[in-house]
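K.L.:
Line by line, the protein sequences give chains A and B. Residue numbers for the first sequence follow numbering that gives the first Met the number 0, so the first one is 0 and each next one is one higher. Residue numbers for the second sequence follow numbering that gives the first Met the number 0, so the first one is 0 and each next one is one higher.
Heads up, some of the hints might be wrong.
These stretches of chain A come out as covered by chain B in the derived footprint (C-beta under 8 Å, 3 or more residues) [said to hold, decoys possible]: (1) 22 to 30; (2) 35 to 41; (3) 48 to 57; (4) 77 to 84.
Partial pick of chain A residues on the chain B-facing surface, computed with a CB cut under 10 Å [what the hints assert, rightly or not]: (5) L11; (6) I12; (7) L16; (8) P44; (9) E62; (10) P64; (11) C96; (12) G98; (13) A112; (14) I115; (15) A129.
Over the 12 Å line for every Cβ pair with chain B, so calculated as not near, a few chain A residues [unchecked claim]: (16) R111; (17) R114; (18) D126; (19) G144.
By construction, these hints were calculated from the structure, which means they are not laboratory data. We put the CB at the ideal spot given by N, CA and C, even for glycine.
Residues per chain, in single letters:
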Amino acid sequence: MANIFIYPSNSLILYDLVERFDHAPLAVMQEIKKRVTTAGIDSPPLNITPEDPKIGLKYAAVEVPAGVRGRMSLLDPLIEAAEAAIFVEDAPIGFGCMGCQRTSELVGFLIRAKRIPILELTYPTSDDAAENFVYRISEFLNGLGDSKEAKNE
Amino acid sequence: MSEIEVAQISCGSEYTGIQGEVESAAEQVGAKIIFPDIDLEEVEAAEAKFGLRVTSPDLKLMLARAISVVEGHTTADAVFIGTCFRCAEGALVRNEIRRYIHDKSGLPVISYSYTERTTADTLLTRMEALTTIAKRRSLLAREKQTGITAGIDSGSTTTKAVIMKDNEILGFGWVSSTDVLKSAEEAYSTALKESGIERDAVQATGVTGYGRFILGKAFNADLVQEEITVNSKGAVYLADRQKGAATVIDVGGMDNKAISVQDGIPGIFTMGGICAGASGRFLEMTAKRLGVDITELGKLALSGTASNISMNSYCIVFGIQSLVNSLSKGARHEDVAAAACYSVAEQVFEQQLQEVEVRAPVIMVGGTALIEGLPQAMRELLQAEVIVPPYAQLIGAVGSALLSSGFIEE
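Turn these sequences into a full structure, and let the hints guide you.
P.N.:
Put into structure tokens, the structure is as follows:
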């Protein structure tokens, strides 16, 4: 079982597909859950505090908007833990989104720079394309094996 | 009156970690933040409907929420628009939505670009002005001062007080701000003495400025009001432009205000408080370096030519350095004074006036308006009529005295 970074990072469809093929999806919901269930943090709705954009400085300098850096602080543990990734480009908002295109660009670059197995797909717009979309994801996930193999690929 | 509902149209506030600060600022002024409910289909259709294509989904959501407010699917009393500081796409959307809401809904609107350092205190004055415009329209419609009233403006640099009676200024006090209460008392006592009015005869008092909350308690004020509202009223009152459009510019000691006014009521406004290079402090430092009193700097500037001086920075440190370098090369003091005034005006023009609808006449107020080189530089930049009304330096105090007379009848 490998840790699979998914993007859009809150895509329930990608999350479900990764789980179905016995891998561990890395999704932003897990990070938000940690925050909203941590006692003592009171910064609704996501319990991101003004300290978080400073953590995001790890990825982007201070001239990058605080909203991008705050998102990066959420994604940081997921990027760190990623052993493989599935990226879906041009997806409609309902499929999942992080709200900010600049964040998406930066995350895409960082994941590619990690040199882990990556499946990059465009969002399907027909039934045939959707079948092929799921097929390619299954092939990718089945080919990963456990985390050690994924790392060595 | 029931709680004021402020519709928030924003991108990034929850990820910046400052959403709680926005809500806290609203709560402190008796308002509640609401988010327009939007269907996914509306988000996807918003770009085409609004006519602006953007790549970030949260900006598309902003467009959809703005449409919802304008079309009446969301009921709100005022609108707060926010995006991240330094986001170019966000700034474009923020500006266009502000214009759209202002033109199509008539609701009071304010916009802000935030960082993780934005606090409720930073937003408080803006939120207070927003809710005042929404809930106190009848008070803001007041065009004449009646009875005997006092106004005190506790500013960052100076504290001002006026006594007014039957639409006339009888006396005023103007002192440097040190201790908030002591300075206010000194200015107020001077104003009372000059006007020949006994303290007990004052029927209503209004206070404004940074120290307004302390003064409100100490002077048992009828009106405790932020500067955006009182300065707008004071400006159109003193300039005798109570009807129609106007733009009020107040270059203060610590922050600047640019307010687009219609019939004396603020519409779009901005407050800048980040850079000292665009404040009265920069002019004070220039005057000190030139060895002249601040009251003489303006006249000196009028006989100088700003373009003779090379200014490499708007910064209060590096800008002054440019001026010092020019002096060391033999530059005329008049040119240096003119360059300093132009630098402040240009920075206000570039960083603040782009965010409001500049509509003539432009009314410049505050103590800096008396530095003649500054309104002159603004006139050159805007190519518009710039008025400096009488008592421009007392604007906050006069606005407070004017508005507080509305409490006499109550």
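K.L.:
Holds or violated: A112 of chain A as interface residue toward chain B, Cβ cutoff 10 Å?
P.N.:
violated (22 Å)
K.L.:
Holds or violated: is the Cβ of I12 of chain A closer than 10 Å to a Cβ in chain B?
P.N.:
With a minimum Cβ separation of about 15 Å from chain B (threshold 10 Å), the hint on I12 of chain A is violated.
K.L.:
Within the segment 22 to 30 of chain A, is the number of residues with a Cβ closer than 8 Å to a Cβ of chain B three or more?
P.N.:
violated (count 0)
K.L.:
Are all C-beta atoms of chain B more than 12 Å from that of G144 of chain A?
P.N.:
Non-interface label on G144 of chain A holds, nearest chain B Cβ at 35 Å vs cutoff 12 Å.
K.L.:
Report holds or violated for chain B covering the segment 35 to 41 of chain A, Cβ cut-off 8 Å, minimum 3 residues.
P.N.:
n = 1 at 8 Å, threshold three: violated.
K.L.:
Using the nearest Cβ pair, does L11 of chain A come within less than 10 Å of chain B?
P.N.:
violated (14 Å)
K.L.:
Hint check: is the beta carbon of P44 of chain A less than 10 Å from a beta carbon of chain B?
P.N.:
holds (6 Å)
K.L.:
Can we keep the P64 of chain A interface hint, with Cβ of chain B closer than 10 Å?
P.N.:
holds (3 Å)
K.L.:
So, as I understand it, the hint says G98 of chain A touches chain B; can you test that by seeing if any CB pair is closer than 10 Å?
P.N.:
holds (4 Å)
K.L.:
Just to make sure I understand the rule, a stretch counts as covered if three or more of its residues have a C-beta closer than 8 Å to a C-beta of the chain. Does the segment 48 to 57 of chain A meet that for chain B?
P.N.:
holds (count 6)
K.L.:
Next item in the hint list is L16 of chain A. Is there a CB on chain B closer than 10 Å to its CB?
P.N.:
violated (21 Å)
K.L.:
Can you verify the interface hint for C96 of chain A: is its Cβ closer than 10 Å to any Cβ in chain B?
P.N.:
Holds. Min distance 4 Å.
This entry does not satisfy hints 1, 2, 4, 5, 6, 7, 13, 14, 15, going by the numbered hints stated previously.
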